[in-house]
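Asker: Input sequences plus hints: build the corresponding full structure.
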Amino acid sequence: MEQWRGKYALVTGASAGIGFTIAEGLLHNEEEILALFKEIQTEFRHADILVNNAGGGDYGTLTHQSTADWGKRLDLNVLSTAICTREALNLLEKNHFEEANIININSVAGHENIAVTGPGFNFCSGTKHMLTALTKALHTELVQKKNEIRATLRSPV
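Sequential numbering of the sequence shown, starting at 1, is according to the UniProt record's numbering.
To be clear, the hints were calculated from the coordinates, so they are not data collected in a lab.
Treat the hints with care, as some may be off.
[As the list claims (entries may be wrong)] Below 16 Å or equal to it, Euclidean Cα-Cα: the simulated EDC-like pairs (lysine to aspartate or glutamate) are:
(1) 7 / 99
(2) 146 / 75
(3) 145 / 99
(4) 72 / 30
(5) 38 / 93
(6) 72 / 58
(7) 94 / 43
(8) 145 / 112
(9) 94 / 58
(10) 145 / 93
(11) 7 / 43
(12) 7 / 148
(13) 146 / 99
(14) 7 / 98
(15) 7 / 48
(16) 94 / 48
(17) 146 / 112
Answerer: This is how it looks when you write it as structure tokens:
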């Protein structure tokens with residue numbers, strides 16, 4: 001753990017309770033995310049580690065979920081991660097930092113087909129696949145910049 005001493009980390013999300021409610025509310029609102037990163041810039045200049053852990057899913061078949069339900073899943077599972085990542089990278093670039101870790105936490109639904117995750121998880125599984133694709137593309141983009149900023153994906157078994 002010595003490698004993390006003196007580093008600044010931002011971890012989004014929580015799995016239940018007050019932390020989940022706060023994270024879900026914050027991460028549905030781009031203005032709140034931007035305000036958070038403005039505070040990070042003022043206090044710390046950057047984050048050495050960004051763990052995008054916010055996410056969730058609603059059970060329901062594609063034909064029985066509303067467009068609003070889909071919007072919530074896209075906001076929480078994809079857009080919040082993309083916005084947090086973009087803002088973290090902008091702070092790193094602005095302050096000339098070339099070493100950091102971006103870790104996106106996903107679920108098995110981002111790697112397996114619908115039959116494995118179960119019926120009624122269709123749209124959520126789609127957003128998790130989007131997160132997998134986004135992280136892989138970001139990893140490639142960062143490697144091409146030849147710095148020490150890395151994007152990785154972690155998924156529970």
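Asker: State for each hint whether it applies.
Answerer: Comparing the hints with the structure gives:
1. 7 / 99: Holds, because 11 Å separates the two Cα atoms, which is no more than 16 Å.
2. 146 / 75: 30 Å, violated
3. 145 / 99: Holds. Residue 145 to residue 99 sits at ~12 Å (cutoff 16 Å).
4. 72 / 30: 13 Å, holds
5. 38 / 93: With Cα atoms ~14 Å apart, residue 38 and residue 93 stay inside 16 Å; holds.
6. 72 / 58: 10 Å, holds
7. 94 / 43: Given that 16 Å is the threshold and the Cα spacing comes to 15 Å, the pair holds.
8. 145 / 112: 31 Å, violated
9. 94 / 58: Answer violated: residue 94 to residue 58 is near 38 Å, above 16 Å.
10. 145 / 93: 11 Å, holds
11. 7 / 43: 13 Å, holds
12. 7 / 148: 15 Å, holds
13. 146 / 99: 10 Å, holds
14. 7 / 98: 14 Å, holds
15. 7 / 48: Holds. Residue 7 to residue 48 sits at ~6 Å (cutoff 16 Å).
16. 94 / 48: The hint holds at about 13 Å.
17. 146 / 112: Not OK: residue 146 and residue 112 at ~31 Å, beyond 16 Å, violated.
Hints 2, 8, 9, 17, counting from the list given before, are not met by this structure.
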